[in-house]
Amino acid sequence: MTLAILTASLGVLALSALLVLVRAWRGPGVFDRALAIDALTLIVVATLLLYSSLSVDAALGLALFSFMGTALLGYFLGRGEFPHE
Amino acid sequence: MSDGALPLAGALLSLAGSLFFLTAAVGLLRLPDFYTRAHAPTKAATLGLLLCASGSVLLYGTQSDTLWLEKLLLMLFVVLTAPVSAQLLVRGAAARGIPQTPSTQGTSTAGSIELLEDNGAGDRRPPTEES
Numbered sequence: 001m002t003l004a005i006l007t008a009s010l011g012v013l014a015l016s017a018l019l020v021l022v023r024a025w026r027g028p029g030v031f032d033r034a035l036a037i038d039a040l041t042l043i044v045v046a047t048l049l050l051y052s053s054l055s056v057d058a059a060l061g062l063a064l065f066s067f068m069g070t071a072l073l074g075y076f077l078g079r080g081e082f083p084h085e
Numbered sequence: 001m002s003d004g005a006l007p008l009a010g011a012l013l014s015l016a017g018s019l020f021f022l023t024a025a026v027g028l029l030r031l032p033d034f035y036t037r038a039h040a041p042t043k044a045a046t047l048g049l050l051l052c053a054s055g056s057v058l059l060y061g062t063q064s065d066t067l068w069l070e071k072l073l074l075m076l077f078v079v080l081t082a083p084v085s086a087q088l089l090v091r092g093a094a095a096r097g098i099p100q101t102p103s104t105q106g107t108s109t110a111g112s113i114e115l116l117e118d119n120g121a122g123d124r125r126p127p128t129e130e131s
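These protein sequences, in sequence, are chains E and G. The first sequence begins at 1 in the numbering used here and counts up one residue at a time. The second sequence begins at 1 in the numbering used here and counts up one residue at a time.
Just so you know, these hints were derived from the structure itself, not from any lab. Incorrect hints may have been included.
[What the hints assert, rightly or not] Output of the computed footprint for chain E on chain G, the stretches with three or more beta carbons under 8 Å from beta carbons of chain E:
id	segment
1	12 to 18
2	27 to 35
3	69 to 80
4	89 to 102
In this text, a Cβ means the ideal position worked out from N, Cα and C, and glycines have one as well.
So that you can see chain E by itself, here it is in the shape it has in the complex (with noise of 0.2 Å):
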């Protein structure tokens, strides 16, 4: 019963990241791209904090540079400053 309703939830996130990337592969303009694979990097730290219980050092490194690689992206590709400043 256990076993059943995790491999369930295992599914739908298999078939969020589906949607996800269908969103990153048309997106118009690379920061819809940008927040598609952010979103599709909590999806991955989701599941392998499900999947097993030693993947968890992964998953926090995971999310760590997920932050790094968004945050930089967001920073630099709008003209590397900020509009009301």
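Mind docking chain G on chain E? Use the hints.
Chain G in isolation, oriented as in the chain E frame:
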């Protein structure tokens, strides 16, 4: 992982979290422009990750000694950093002049959600306070 009350509760929490991830993915796919699309993975996926991590703690937590602490650290990190990265992306898009949908600009007729097709090269800035 074995059958019992706590792993069953953890699996149910994981199912709820993955449904929130599905909500975030549908919102990311169907909302009209970038600024509304930035809401979907920021809030719904953060909540889904919190639920999935709590379910993972209940699923695997009692086997080893300190893995639940690391999952708690991961939840705290994601709660702190997901709004920051989304805010940086949205401010970068506003600096580049990514167009908004008309129904979020406050000047068009209410209730019409349409994709911006006729906006040219896309270097029009969104409306600011002084314009």
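Please flag the earlier hints that this structure goes against, numbers listed from lowest up. Structure breaks no hint.
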